[in-house]
Amino acid sequence: MIFALAVKSLRNRKFTAGLTVLSIALAVMLLLGVERIRSESRESFASTISGTDLVVGARSSPVHLLLYAVFHIGNATNNLRWDSYRAIAARPEVGWTIPLSLGDSHRGYRVLGTTPDYLEHLRFGRDRRLVLAQGKPFADERDAVLGADVAEALGYKLGDSIVIAHGAGDVSFSLHADHPFQVIGVLSRTGTPVDRTVHVTLEGMDAVHADHDGDEHDPLAEAKRAKVEAPRHDADTAGGRHENEEHAGRDSQRAITAFLIGLKSRGAALSMQRLVNEYSGEPLTAILPGATLLEVWEIVGAAEKTLFAVSALVVVVGLAGMLVALLTSLSERRREMAVLRSVGARPMHVFALILGEAAFLTLLGIALGVAALYLGLLAGRQWLESRLGLFIVVGWPSAYEFGLMILVGTAGVLIGLIPAYRIYRYSLADGMTIRI
Amino acid sequence: MDVSAPATSQTLPPQRSGGSPGDVVELSGVRFSWSGALPFVIDIGSLRVARGERVFLRGPSGSGKSTLLSLLAGVITPSEGTLRVLERDIGALGSAARDRFRADHIGFIFQMFNLIPYLSVVENVCLPCGFSLRRRTHAAGGGGTVQAEAVRLLEHLDMGEADVLRRPVTELSVGQQQRVAAARALIGAPELVIADEPTSSLDADRRSAFLDLLFRECARERAALVFVSHDASLAPLFDRAIAFAEINRALPRSSAANAS
Numbered sequence: 001m002i003f004a005l006a007v008k009s010l011r012n013r014k015f016t017a018g019l020t021v022l023s024i025a026l027a028v029m030l031l032l033g034v035e036r037i038r039s040e041s042r043e044s045f046a047s048t049i050s051g052t053d054l055v056v057g058a059r060s061s062p063v064h065l066l067l068y069a070v071f072h073i074g075n076a077t078n079n080l081r082w083d084s085y086r087a088i089a090a091r092p093e094v095g096w097t098i099p100l101s102l103g104d105s106h107r108g109y110r111v112l113g114t115t116p117d118y119l120e121h122l123r124f125g126r127d128r129r130l131v132l133a134q135g136k137p138f139a140d141e142r143d144a145v146l147g148a149d150v151a152e153a154l155g156y157k158l159g160d161s162i163v164i165a166h167g168a169g170d171v172s173f174s175l176h177a178d179h180p181f182q183v184i185g186v187l188s189r190t191g192t193p194v195d196r197t198v199h200v201t202l203e204g205m206d207a208v209h210a211d212h213d214g215d216e217h218d219p220l221a222e223a224k225r226a227k228v229e230a231p232r233h234d235a236d237t238a239g240g241r242h243e244n245e246e247h248a249g250r251d252s253q254r255a256i257t258a259f260l261i262g263l264k265s266r267g268a269a270l271s272m273q274r275l276v277n278e279y280s281g282e283p284l285t286a287i288l289p290g291a292t293l294l295e296v297w298e299i300v301g302a303a304e305k306t307l308f309a310v311s312a313l314v315v316v317v318g319l320a321g322m323l324v325a326l327l328t329s330l331s332e333r334r335r336e337m338a339v340l341r342s343v344g345a346r347p348m349h350v351f352a353l354i355l356g357e358a359a360f361l362t363l364l365g366i367a368l369g370v371a372a373l374y375l376g377l378l379a380g381r382q383w384l385e386s387r388l389g390l391f392i393v394v395g396w397p398s399a400y401e402f403g404l405m406i407l408v409g410t411a412g413v414l415i416g417l418i419p420a421y422r423i424y425r426y427s428l429a430d431g432m433t434i435r436i
Numbered sequence: 001m002d003v004s005a006p007a008t009s010q011t012l013p014p015q016r017s018g019g020s021p022g023d024v025v026e027l028s029g030v031r032f033s034w035s036g037a038l039p040f041v042i043d044i045g046s047l048r049v050a051r052g053e054r055v056f057l058r059g060p061s062g063s064g065k066s067t068l069l070s071l072l073a074g075v076i077t078p079s080e081g082t083l084r085v086l087e088r089d090i091g092a093l094g095s096a097a098r099d100r101f102r103a104d105h106i107g108f109i110f111q112m113f114n115l116i117p118y119l120s121v122v123e124n125v126c127l128p129c130g131f132s133l134r135r136r137t138h139a140a141g142g143g144g145t146v147q148a149e150a151v152r153l154l155e156h157l158d159m160g161e162a163d164v165l166r167r168p169v170t171e172l173s174v175g176q177q178q179r180v181a182a183a184r185a186l187i188g189a190p191e192l193v194i195a196d197e198p199t200s201s202l203d204a205d206r207r208s209a210f211l212d213l214l215f216r217e218c219a220r221e222r223a224a225l226v227f228v229s230h231d232a233s234l235a236p237l238f239d240r241a242i243a244f245a246e247i248n249r250a251l252p253r254s255s256a257a258n259a260s
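Protein chains in written order, with our numbering: chain A, 1 to 436; chain B, 1 to 260.
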């Protein structure tokens, strides 16, 4: 009875009630949206390297190594020697390895030199493997397999010829034009950095740099050679690193940026990590990607918390708006309450009526906010995936999200206690005679 | 109806000592003050209203009429004395019991702004049945429904046209709103109907028609009617009339300003 009265009363004040619901809905959508993007971005990052037990690179900070080797963010300060890679890959604990050679680019997209093991063993998401949408895997040194975004953004199709450039920037003045690659495959979308990468074989990468070495008339290369006198592996710029790569030459002298390890048994990860870190051939760093991701989250945690705090404040503002709307309606509703009292409503009924209105507004706001969030995610999922690499799963709200909704609902009801108590006091004092 | 204080010029029956079984209202030495301390705003030696009786209670603003109505309705309780409604000692009942008692036995009509604006005409009339099982049962008696009884009452009050029933209450004329309020007060056959200046916003013709309808319905259910107004010209229409200022011995009057 009281709840039905509350709903009808709100319907009578649809404009202010609608605005209140809208503000709560937007606040809830923002709060849950921030939480969803936060958790999904973590999930997305974590899913980029599912199944990889260790990442190994030249000695550097673990976070730096993870970012440049896996997420293609930033550049390596040093390379590691091919024979070091071979020695570690030959360990009995190792199930598979994927060498990674970075440093070149194609029209702003990273070029990755690797082996067919990349397509075989790399996993993303929940143990999903890379799938070719078109064409076939790379095998020859002139073969290139494109990530989905590269193919789509640049409009490439199978058989097209591409030229890679020196360095990782959007614009390069040093093209490896004498060693073009041919697109022979395009990968299906993964929602990971793979989509934004051009994949070639290590041999192809070697050939590019061998050709480049022979280019005696490259003024840029000559200037660099004259400038860099230190041993190549000490160079600390992309250009210097690249010189390392380009002069690494054939198999025996090859240098790679990093490599991924899949162990036969996960239990061996820590001992293998220690073994790599203590490798005597050259200073190397091995990281457990999951543990290092936690370090990354610690770094970005402050920004996340700030964003969450802002969205929580928006919820507070939304609920405060409801409080104002209810409080301002009280004076004009005292006669309505007197009528209700005259037909037998108790002060507690009047209290419950206002509290019921607050609860209804809050619940409706939450429901609309969640609905709007899901519609937004469904509509924007493709964009988030392609532009930000966020692979959003539109499923049931998580327990934490349900917890947030319950928290907002409880806060709405608690805030409703304020006008409810005031009308209760009015009701006791007024009875059936409004004494203002 | 009996009063112990001097009556108005209207004819009043002789005083009786003690109430009779037919009394709906019986006040005995009732005093009331808002703060629980002196001065009293209500001080009535004796007042009785019999079943089916129509009583006109006249008095100026601030004389404590509305406070008396709140006492009769059990919203407040006497500071001193005994107030019995339908032979129940209202002062002895707890707050919840008084609310239930009011819902079950008393119908109320206000001066104006009588209706809940977000309810339909029929929903407004049915409202008391939402708070009282007794009135719900009574209204739906004989195999009918509460809504059917509401429509029946509205038809008796010349408000039964379908377009009127469907219209939002805020679009009704003041006269129509008062008739809907009367139907709400009468649904479920309460034994006591209290009307607090219900005709003050009606013109003479509408006032007369409204009173005819109210009297007819009260008579049909044998409900006692306590009708408060400051318009002395209405007094002859009632069984009896009381000048409230003369039965309320509370003084000084200025302290009773809060009472109405």
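Hints are supplied without guarantee of correctness; some may be wrong.
[Unchecked claim] Pair by pair, the computed Cβ-Cβ distance ranges are:
no.	chain 1	residue 1	chain 2	residue 2	range
1	B	173	A	18	26 to 34 Å
2	B	173	A	394	53 to 61 Å
3	B	137	A	324	52 to 60 Å
4	A	400	B	137	45 to 53 Å
5	A	379	B	148	46 to 54 Å
6	A	324	B	166	42 to 50 Å
7	B	137	A	327	36 to 44 Å
8	B	92	A	316	27 to 35 Å
9	A	394	B	94	51 to 59 Å
10	A	394	B	137	47 to 55 Å
11	B	220	A	429	32 to 40 Å
12	B	164	A	429	50 to 58 Å
[What the hints assert, rightly or not] Calculated Cβ distances over 12 Å to all of chain A for the following chain B residues:
no.	residue
13	104
14	107
15	120
16	185
17	213
If you are wondering where the hints come from, they were derived from the structure by calculation, not from laboratory data. Even glycine gets a Cβ: it sits at the ideal position worked out from N, Cα and C.
Among all the numbered hints in the text so far, which are the ones the structure does not match? 3, 6, 8, 12, 13, 14, 15, 16
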